[in-house]
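The primary structure of each chain is shown beneath.
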Amino acid sequence: MEFNGDVLTIDSSMSMEEIMEFENFIRPRLEYIEMIEVVEEGALKCSALLSLLSSLKRTKSDLAIPFLDKRAVSSPEYGTIHWICHD
Amino acid sequence: MTKQEQVKAIFIEEAGEIIEKLDIDIIRFEENSGDFNLLNEIFRGVHTLKGNANAFGFTRLGEFVHHFEDVLDHYRSTKEGIEGDHLELFVGSVDVIKEVMVCELDAIEFLPESYGECLQNIKNLIAMKKGYSPVEELKQSIEISSNDLASEFGFGCDEEFESSVKNCVKHFQEMQEEGLYLYKIDLMLEEDCYKRGFDHLLFLKALGEKAKAIESFFDMKDVWVLDGFTSDVNAIKRVSIVVLTPLPSDDVHEIFEFLFENEYKIQIIETMKKSVEPLYPQDTSHGEKKTLVEKSAPSAETTSSSLVSSKSTIRIDTFKLDELFDSVGELVIAQNFIAQNEKIGEIEDESISRTIETLSKITKRIQDRVMSLRMVAIKDTFEKMKRVVRDTSKKTGKEVHLIIQGEDTEIDKTMIDSLSDPLIHIIRNAIDHGLEADANERALAGKSSNGSVTLKAFHKSGSIVISVSDDGRGINKERVFQKAIERGIINGDENLSDSQIFSLIMQPGFSTAEAISDLSGRGVGLDVVKTSIENLRGKIEIDSKEGTGTTFSMILPLTLAIIDGMLVQASGEIYIIPTLSVVESFRPEEEIVHTVQGKGEFVNLRGQNIPIIRLSDIFELSSQRIEPWEGILVCVETEAGRIAIMVDELVGRQQVVIKTLGKSLARLKEISGGAILGNGDIALILNVDELRPLDESVHV
Numbered sequence: 136m137e138f139n140g141d142v143l144t145i146d147s148s149m150s151m152e153e154i155m156e157f158e159n160f161i162r163p164r165l166e167y168i169e170m171i172e173v174v175e176e177g178a179l180k181c182s183a184l185l186s187l188l189s190s191l192k193r194t195k196s197d198l199a200i201p202f203l204d205k206r207a208v209s210s211p212e213y214g215t216i217h218w219i220c221h222d
Numbered sequence: 005m006t007k008q009e010q011v012k013a014i015f016i017e018e019a020g021e022i023i024e025k026l027d028i029d030i031i032r033f034e035e036n037s038g039d040f041n042l043l044n045e046i047f048r049g050v051h052t053l054k055g056n057a058n059a060f061g062f063t064r065l066g067e068f069v070h071h072f073e074d075v076l077d078h079y080r081s082t083k084e085g086i087e088g089d090h091l092e093l094f095v096g097s098v099d100v101i102k103e104v105m106v107c108e109l110d111a112i113e114f115l116p117e118s119y120g121e122c123l124q125n126i127k128n129l130i131a132m133k134k135g136y137s138p139v140e141e142l143k144q145s146i147e148i149s150s151n152d153l154a155s156e157f158g159f160g161c162d163e164e165f166e167s168s169v170k171n172c173v174k175h176f177q178e179m180q181e182e183g184l185y186l187y188k189i190d191l192m193l194e195e196d197c198y199k200r201g202f203d204h205l206l207f208l209k210a211l212g213e214k215a216k217a218i219e220s221f222f223d224m225k226d227v228w229v230l231d232g233f234t235s236d237v238n239a240i241k242r243v244s245i246v247v248l249t250p251l252p253s254d255d256v257h258e259i260f261e262f263l264f265e266n267e268y269k270i271q272i273i274e275t276m277k278k279s280v281e282p283l284y285p286q287d288t289s290h291g292e293k294k295t296l297v298e299k300s301a302p303s304a305e306t307t308s309s310s311l312v313s314s315k316s317t318i319r320i321d322t323f324k325l326d327e328l329f330d331s332v333g334e335l336v337i338a339q340n341f342i343a344q345n346e347k348i349g350e351i352e353d354e355s356i357s358r359t360i361e362t363l364s365k366i367t368k369r370i371q372d373r374v375m376s377l378r379m380v381a382i383k384d385t386f387e388k389m390k391r392v393v394r395d396t397s398k399k400t401g402k403e404v405h406l407i408i409q410g411e412d413t414e415i416d417k418t419m420i421d422s423l424s425d426p427l428i429h430i431i432r433n434a435i436d437h438g439l440e441a442d443a444n445e446r447a448l449a450g451k452s453s454n455g456s457v458t459l460k461a462f463h464k465s466g467s468i469v470i471s472v473s474d475d476g477r478g479i480n481k482e483r484v485f486q487k488a489i490e491r492g493i494i495n496g497d498e499n500l501s502d503s504q505i506f507s508l509i510m511q512p513g514f515s516t517a518e519a520i521s522d523l524s525g526r527g528v529g530l531d532v533v534k535t536s537i538e539n540l541r542g543k544i545e546i547d548s549k550e551g552t553g554t555t556f557s558m559i560l561p562l563t564l565a566i567i568d569g570m571l572v573q574a575s576g577e578i579y580i581i582p583t584l585s586v587v588e589s590f591r592p593e594e595e596i597v598h599t600v601q602g603k604g605e606f607v608n609l610r611g612q613n614i615p616i617i618r619l620s621d622i623f624e625l626s627s628q629r630i631e632p633w634e635g636i637l638v639c640v641e642t643e644a645g646r647i648a649i650m651v652d653e654l655v656g657r658q659q660v661v662i663k664t665l666g667k668s669l670a671r672l673k674e675i676s677g678g679a680i681l682g683n684g685d686i687a688l689i690l691n692v693d694e695l696r697p698l699d700e701s702v703h704v
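Going down the list, the sequences are from chains Z and H.
Taking our numbering, I'd label the letters of the first sequence as residues 136 to 222.
Taking our numbering, I'd label the letters of the second sequence as residues 5 to 704.
Possibly wrong hints are sitting among the right ones.
[As the list claims (entries may be wrong)] For lysine-lysine, the following BS3-like pairs were computed, each having C-alpha atoms within a straight-line distance of at most 25 Å:
#	chain 1	residue 1	chain 2	residue 2
1	H	Lys133	H	Lys241
2	Z	Lys205	H	Lys225
3	H	Lys170	H	Lys214
4	H	Lys170	Z	Lys205
5	H	Lys399	H	Lys25
6	H	Lys214	Z	Lys180
7	Z	Lys195	H	Lys133
8	H	Lys460	H	Lys549
9	H	Lys12	H	Lys102
10	H	Lys225	Z	Lys195
11	Z	Lys195	H	Lys83
[Stated by the list, open to error] Below, a sample of chain Z positions facing chain H; criterion: calculated Cβ distance under 10 Å:
#	residue
12	Met151
13	Ile154
14	Met155
15	Lys180
16	Cys181
17	Ala183
18	Leu184
19	Leu187
20	Lys195
21	Pro211
22	Tyr213
23	His217
[Stated by the list, open to error] Quick list of simulated restraints, FRET-style, between CB atoms:
#	chain 1	residue 1	chain 2	residue 2	range
24	Z	Met155	H	Lys174	37 to 45 Å
25	H	Glu113	Z	Ser150	48 to 56 Å
26	Z	Glu172	H	Asp321	58 to 66 Å
By construction, these hints were calculated from the structure, which means they are not laboratory data.
Where is the CB? At the ideal position from N, CA and C, for every residue including glycine.
Turn these sequences into a full structure, and let the hints guide you.
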């Protein structure tokens, strides 16, 4: 997890512990963050990351999360994962 | 029974248990509406019921619980305080669920009147909570396309989600080749799934290993804003997976076997070439045509229900349990036979004696353990009575406080099932007639404004006593006595004890109620209660003190399979008299025995004339006729009053395993069963109520 100016960069293969850490970190700082970049070096490890990103987006609609906007991610392990955000 | 019927039978049994639990939990929740853990539990029960109901085509039940679940979900998610009238709606909803379940099981076309009204109230409530009018909600549901209840089961309200999944299915159908199966799997993981070590991706990975193609669709609509969100609580309520794989159905089911059965649903999708037929014909009546065809997988169940779950308990057919119990009964008899065998007893060998002693101990232990399998705590039955008290209290307008004691007392499962109705009636009776009409009347009697009813279970002398006590006005003994004379139940010249007078209120057609209410006072109930308890080989005793209150005590045997009996001998034959009926046994003095012309022999016991019944006469045993004072009289309590059974001698008291009699002996109404004694002899168990005609009320 890297915080550079208004942009927070995270890894898509975060474990549950890391996601919890990320959540705790971002909660008090959400209003200062403009964008969350997700680096897709490894496959998704925990579906909670999708939930958290969706929750952040729902909380702050102008927060840019390009990864979430893609609405799908593919990997040889899981095939294609789509998410329907209802927004 | 086909596999499908077996699964359905399991559903029906489980649904019954869930509904029974709902009935109890909803009252507990009404008492403490801040207990959100309990609300969660209620929600889970309703959720499981919904899944099962829809899976078996019980769509009317499914629809109702679906909306009820929505309301519960709202409150458990928001932890919002629940208003009194909404609590009332919850309680009413459980009633509707019970009634609709009966309609579904009996395939009754017409639903109970309360169904529509209650459903509409639920919809109104959820519409209000979600901030749109019921009309809008109705419009929404129409727009969504009729079958909103099935949203969680694959076809439903969210067009984008559904169309994405359907398109994927179509696409994969086109790709399907021989040796590949196409599955649509719905994952509905519980909130605590992460804590249980499960993640949606775990299942995707397991499926993905062998899959030719796999796509999944995560429904994020239930993800909350950050305030109501925690990452380690699963917020993704639905994930649909479409997978094309060579794995047969059994292997696919195996991947999900550690999940709860309501957390997943596996459907195998037919290839496009095959004919389209619905799995459950009832589903077609629901309005929406399914584009996907659900059909059973090669060798597994059609629904998600993985019947084997990793619980520490297993479900056993009570028939098998009865068989086991019978076998243990035989073992006890065989062991007794060895222990009492004279020839074996003559062998002076310490090792044989020790072995027989060990065998006896082990047999006793096995008997106790097998017996305990049938024993369940009476707690659930008592909990159900809270509802009865609540409803009766509301109907009568009397404030009632229910006190429960001894709810951990264990009782035979068969008896538990038959106890509810008698208990309900006695409790209603206690509130309706036992308690004073209002707080003013109680205040005049120097009592608190709230009446109290105490429900108590305890062991007493090898029996179980279940008592219902009220602190009401008590029974007016004189009035009961007069009423019994008016009704022709007694002549008026009898010398009856208090207990016998109180027992008159349980005679058919007896009622001292001024007005007949819909709760009690019909004059038939207590008679039925008495019969029900006697069918369980038990009896009812009434104790009452005017101005203080009344106690109904149901005295029941520990189990229906074993009876505590007094062994007696008459004309060389052994008979068993249920100990519960025995009042006393004695050798009478000649002076207290007399004969009344045309009515037979009587013994005057402390001023009460009790008819003497000779077993040798009843069973036409040929023996030398002896006088009553030469034999023993066993005084027993029967439906029609006390009788004295004349026997030659008392043999002893022992617990015997009840055996049913063959057809020819079953016609003998004086006999209720048989038992094999330790020496291998057979003894008949007397049905004391039939030893004297019921219409002989002279000696009540």
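Taking the numbered hints from earlier one at a time, note which ones the structure violates and give those numbers from smallest to largest. none
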